[in-house]
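**Q** Now for the letters of each chain:
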Amino acid sequence: MTSMSAITQTSDLTNKAALIPLATERPAYYRMSGIEETSNVSSEFQEERSEEEVEEEIGYEDPFRYVFYRDRKEWADLEPVPQDDGPNPVVKIAYSDKFTDVYDYFRALLKNDEKSDRALLLTAEAIELNAANYTVWHYRRVLLQALEKDLREEMRYITAIIEDQPKNYQVWHHRRMVVEWLNDPSEELEFIAEILSQDAKNYHAWQHRQWVIKEYKLWDSELEYVEQLLEEDVRNNSAWNQRHYIISHTTGYSDPAILNREVQYSLKQIKKAPHNESVWNYLKGILQDLGLSSHPGLLEQILELKETHCSPYLLGFLVDIYEDFLENTLEHHEEVLSKALELCELLAREKDTIRREYWSYVGRSLQTKYGSSDSSTTTSAPGSDSGSVHQETPCSS
Amino acid sequence: MLDKHADYIAAYGSKKDDYEYTLSEYLRMSGIYWGLTVMDLMGQLTRMNQQEISDFIKSCQHDCGGVSASIGHDPHVLYTLSAVQILSLYDNVNVLDVDKVVEYVRGLQQEDGSFAGDKWGEIDTRFSFCAVATLALLGRLDAINMDKAVEFVLSCMNFDGGFGCRPGSESHAGQIYCCTGFLSIAGQLHQVNADLLGWWLCERQLPSGGLNGRPEKLPDVCYSWWVLASLKIIGRIHWIDKSKLRSFILACQDEETGGFADRPGDMVDPFHTLFGVAGLSLLGEGQIKDVNPVLCMPEDVLERLGLHPDLLS
Numbered sequence: 001m002t003s004m005s006a007i008t009q010t011s012d013l014t015n016k017a018a019l020i021p022l023a024t025e026r027p028a029y030y031r032m033s034g035i036e037e038t039s040n041v042s043s044e045f046q047e048e049r050s051e052e053e054v055e056e057e058i059g060y061e062d063p064f065r066y067v068f069y070r071d072r073k074e075w076a077d078l079e080p081v082p083q084d085d086g087p088n089p090v091v092k093i094a095y096s097d098k099f100t101d102v103y104d105y106f107r108a109l110l111k112n113d114e115k116s117d118r119a120l121l122l123t124a125e126a127i128e129l130n131a132a133n134y135t136v137w138h139y140r141r142v143l144l145q146a147l148e149k150d151l152r153e154e155m156r157y158i159t160a161i162i163e164d165q166p167k168n169y170q171v172w173h174h175r176r177m178v179v180e181w182l183n184d185p186s187e188e189l190e191f192i193a194e195i196l197s198q199d200a201k202n203y204h205a206w207q208h209r210q211w212v213i214k215e216y217k218l219w220d221s222e223l224e225y226v227e228q229l230l231e232e233d234v235r236n237n238s239a240w241n242q243r244h245y246i247i248s249h250t251t252g253y254s255d256p257a258i259l260n261r262e263v264q265y266s267l268k269q270i271k272k273a274p275h276n277e278s279v280w281n282y283l284k285g286i287l288q289d290l291g292l293s294s295h296p297g298l299l300e301q302i303l304e305l306k307e308t309h310c311s312p313y314l315l316g317f318l319v320d321i322y323e324d325f326l327e328n329t330l331e332h333h334e335e336v337l338s339k340a341l342e343l344c345e346l347l348a349r350e351k352d353t354i355r356r357e358y359w360s361y362v363g364r365s366l367q368t369k370y371g372s373s374d375s376s377t378t379t380s381a382p383g384s385d386s387g388s389v390h391q392e393t394p395c396s397s
Numbered sequence: 001m002l003d004k005h006a007d008y009i010a011a012y013g014s015k016k017d018d019y020e021y022t023l024s025e026y027l028r029m030s031g032i033y034w035g036l037t038v039m040d041l042m043g044q045l046t047r048m049n050q051q052e053i054s055d056f057i058k059s060c061q062h063d064c065g066g067v068s069a070s071i072g073h074d075p076h077v078l079y080t081l082s083a084v085q086i087l088s089l090y091d092n093v094n095v096l097d098v099d100k101v102v103e104y105v106r107g108l109q110q111e112d113g114s115f116a117g118d119k120w121g122e123i124d125t126r127f128s129f130c131a132v133a134t135l136a137l138l139g140r141l142d143a144i145n146m147d148k149a150v151e152f153v154l155s156c157m158n159f160d161g162g163f164g165c166r167p168g169s170e171s172h173a174g175q176i177y178c179c180t181g182f183l184s185i186a187g188q189l190h191q192v193n194a195d196l197l198g199w200w201l202c203e204r205q206l207p208s209g210g211l212n213g214r215p216e217k218l219p220d221v222c223y224s225w226w227v228l229a230s231l232k233i234i235g236r237i238h239w240i241d242k243s244k245l246r247s248f249i250l251a252c253q254d255e256e257t258g259g260f261a262d263r264p265g266d267m268v269d270p271f272h273t274l275f276g277v278a279g280l281s282l283l284g285e286g287q288i289k290d291v292n293p294v295l296c297m298p299e300d301v302l303e304r305l306g307l308h309p310d311l312l313s
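Sequence order for the protein chains is A and B. Just so you know, we're using full-length UniProt numbering here: the first sequence kicks off at 1 and counts up by one. Just so you know, we're using full-length UniProt numbering here: the second sequence kicks off at 1 and counts up by one.
So here's chain A without its partners, still in its complex pose (with noise of 0.2 Å):
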């Protein structure tokens, strides 16, 4: 650690000389002072000559090219390590050259178990090169405690690497822990909605969203988020997962006007989308606790759309009611079982083939429940999975 007082002096030093070509979408992190004024310089000169040229002509470094790390004076310091593909690699394997670089100095900062800021600013360019690199995230992290780091600076560098790559394990986690140090959710509703604008099916970004309500306890406007979000795509499974998630968590489902107020509302979601497997899993969901045949009105209901609004859903829907029916009430038990079994077949023959295995097999097991006792029923084609359905009813003790 000898170095380190010269390591900090230097560092303004290192931010000048260690310029990477910018790209609008870089982090503001990135954006080292003194750069901008001499861009208009450098760039005349660069078609025509070779980086050597034009270097030996200005008589400084180009602050546009990109300076390997074995090539900085600030860094000469450190042993680069290179990669260890373990013992008696097969074959060499030549990375891109500025990969090696980056992550040979890595290496060599892990060794030494450098905490420096120039360590920081490197694990920055390496996550840059492979934001999977969960190795290089923990360092970081190490990083940043052991530097008494300004964590708001490092929630707006975690945006904008967010931003870049929504979709890596790696880079919410670091979100959350920073989060979690800074003990402040402020921003986060906002943030994550803005990466479900992007992709509103994010898992990570659902993940964290969940995470952050629960232990921040902001429970109060999500709903209408979710409303929104439903507005904007009503197939929106991870919504209809959020819906009941907030739901779950807030009021619950027991008290029967606002189980109600689901029921209707996931109805008039599919009067707007019949085939939408979300909104059908979520009502069967919320009611089968209760019982499906047990809500009120809901049959004539779903018969109602039947005629307008039909769908595999729909019928296999009315499929689950007539079970639940049949489970639960003793009347009319052959009439009942009679329609279910004819949805069965329906759905198998005709309206959901590839999953007519499925609707044979439920189909069967209604059948040997709920099939009358008589030997009449049994007897009759023996191979049929859905039973005499059509004619009358058997006769029944």
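Derived by calculation from the structure, the hints in this document are not laboratory data. Be careful, since some hints might not be right.
[To be verified] Derived, one-sided and incomplete: chain B residues facing chain A with beta-carbon distance under 7 Å:
#1 Tyr26
#2 Tyr90
#3 Pro215
Predicted model only: the values in this text are computed from it and were never measured. By construction, the Cβ of each residue, glycine as well, lies at the ideal position given by its N, Cα and C atoms.
Dock chain B against chain A, hints included.
**A** Frame of chain A, contents of chain B only:
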């Protein structure tokens, strides 16, 4: 085509200047597991360099007992499992200090029964699966609090019968595979609502025959594994239209280079190659060895270890 796939895997990582290979160093241990397992399923494990791989794994075990993805990377339960799986294929787990591996896994369990991935504390049901799968292969399931572990996984069961990464998280086929696999190893499959979950899983099949991971998403060959294996575990694999799925998986092959891609026409990689071949195995493809749906390893390896994770019928 199997020979072509084997050639693809055998050559993977030996090409100079392979940027993709470099970039995936952070998951190298899993990459090796994918490659070796698919080779073994195709009866070609001997083409891989056992000594080199064993030496590599040995250098990846850290003092804490955990194993990292590659040399110089930090330990993690994901790569600890991959390492143990690889060594199990070779019947040589003692390359690692097994007691230390067990200690490492035990140390990742939290008070609520969940498992962190590493010392940085990310919680995910994937890690619950990795933990018990590792211990099952080592015959050391007694090392953790299984009741609590089960309690946590069950708390991740959703209203649609599926599972997510944490309680309340959206059901996702990958997480469902991990949770059903977990419950199988824990002997708790009866806690699953097999009809409800089976329905959700067979709903993953799209008209093309391929499977997606959640409602309204695109099909991907790897979901052919996560979904199919889950269905096999809960005894409902016949609810999938097998011939349509088989056609989809085969369409994901690259006839020129060998290997499988996530969907037809895309670039191949070892990950999708394993899951394409493993999916075909589950569908009963004759030329491929039987694969175990819980551990995604050849059945004959588990037979040798005396491991028979539960399956529902």
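**Q** Against the structure shown, which of the earlier numbered hints fail to hold, in ascending order?
**A** 2
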